[in-house]
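Chain A is fixed; fit chain B onto it per the hints.
Chains as they are written, first to last, in our numbering: chain A, 9 to 172; chain B, 9 to 172.
For the record, the hints were derived by calculation from the structure and aren't laboratory data.
Some clues are possibly wrong.
Identical chains share a label here; the pair holds if one copy fits it or two copies do between them.
What the hints assert, rightly or not - Derived lysine-lysine pairs resembling DSS-like cross-links, with alpha carbons at most 30 Å apart: (1) 87 x 107; (2) 155 x 87; (3) 107 x 155; (4) 91 x 107; (5) 87 x 58; (6) 91 x 58; (7) 153 x 91.
There are 2 protein chains.
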Amino acid sequence: MQYSKALFAGLLATSLIGCVEKSESEAAQGAGADHQAIQDTNAQWLRLIKDGNSAAVAELYTPDGAIMPPGAPKAQGPKAIEKVWRGLMATPGFRLTFKADDITVSSAGDMALDRGTYRLETGSPSASTQDVGKYVVVWRKIEGKWKVAADIFNSDGATDQTST
Amino acid sequence: MQYSKALFAGLLATSLIGCVEKSESEAAQGAGADHQAIQDTNAQWLRLIKDGNSAAVAELYTPDGAIMPPGAPKAQGPKAIEKVWRGLMATPGFRLTFKADDITVSSAGDMALDRGTYRLETGSPSASTQDVGKYVVVWRKIEGKWKVAADIFNSDGATDQTST
Chain A
9 MQYSKALFAG LLATSLIGCV EKSESEAAQG AGADHQAIQD TNAQWLRLIK DGNSAAVAEL
69 YTPDGAIMPP GAPKAQGPKA IEKVWRGLMA TPGFRLTFKA DDITVSSAGD MALDRGTYRL
129 ETGSPSASTQ DVGKYVVVWR KIEGKWKVAA DIFNSDGATD QTST
Chain B
9 MQYSKALFAG LLATSLIGCV EKSESEAAQG AGADHQAIQD TNAQWLRLIK DGNSAAVAEL
69 YTPDGAIMPP GAPKAQGPKA IEKVWRGLMA TPGFRLTFKA DDITVSSAGD MALDRGTYRL
129 ETGSPSASTQ DVGKYVVVWR KIEGKWKVAA DIFNSDGATD QTST
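With the rest of the complex left out, here is chain A (with noise of 0.2 Å):
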């Protein structure tokens, strides 16, 4: 019996200690997979924009999320959001890039913050305006997939740099 319980702690706190470490092996694991999946659903919305689909775009964000675009009180919802999407993409010479500077993801791979910079030109290309900015982008993992809780931005100057 005295082989049996130490036999039994001994496996008891193999079997804790493994839970732990595989949590903590399973989160870096995860970081790395989940900053890849963001990066990657960040060049599908690039895509996405490029094509001018609005509606494909408004999928990107969870059932509450919200877009608040200078100038406009906050779209929340896959109809407002699609409607403030449909309206950018129908300015004249709508041009929009932009690239994720940092990526941080929550230690349990539900939660992410992404801070980055934009550039928008509109116009004809001999008469174009340039509006560069910042932008965050917090992304929430719904049922495995990386979804946008909200997205913000704002440019850098005061006004438009415009070249004619």
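Here is chain B on its own, set in the frame of chain A:
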């Protein structure tokens, strides 16, 4: 030995279930406490703004935290953040309030999304300018304290409303 094995299996199962249940229960309790801690820090932040204490406001941010105001590049790190707040507070008649609309805490209680609205008044009471807008603050728990990792906001209106 059969009894001993059954006892071992039972205790092992109990310890593993206990581990999972404890972490779930802790997460639920933690989310409520974290939510409250963030609300408390927001209340502290508002008091410091009222006091014009830009140095203490800057200490609310993480070491790599950033404030991203409209019309200027992002300011990262305590010194740059303090400078932005000092500038804001030096605006004649500066009165800023804000209110969280919803706060979502990550499951491990290490990151939180805070979406809300602000109201900024500047100028003299007889000729004041009001600006209403929205914000996103992303909180991270650093050594047990909730700190601001990202702070970004923009106006709801294309132009400020001036009451004269």
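_For residue 91 and residue 58, with the copy left unspecified, which applies at a CA distance of at most 30 Å: within, between, both, or neither?_
within (17 Å within a copy, 38 Å between copies)
_As a check of your reading, is residue 155 near residue 87 (CA-CA no more than 30 Å) within one copy, between copies, both or neither?_
Answer is within; shortest intra-copy Cα gap is 16 Å, inter-copy 33 Å.
*Within, between, both or neither: residue 91, residue 107 at alpha-carbon 30 Å*: both (23 Å within a copy, 26 Å between copies)
*For the identical chains here, do residue 87 and residue 58 meet the 30 Å Cα criterion within one copy, between copies, both, or neither?*
Answer is within; shortest intra-copy Cα gap is 20 Å, inter-copy 39 Å.
_Identical-chain pair category, residue 87 with residue 107, by Cα at 30 Å_ = Both ways: residue 87 and residue 107 sit 25 Å apart in one copy and 25 Å across, limit 30 Å.
*Intra- versus inter-subunit Cα pairing at 30 Å for residue 153 with residue 91*: Classified as within; 23 Å inside a copy, 39 Å across copies.
_Intra- versus inter-subunit Cα pairing at 30 Å for residue 107 with residue 155_ = Both, since 17 Å and 25 Å are each at most 30 Å.
Violated hints: none; the structure is consistent with every hint.
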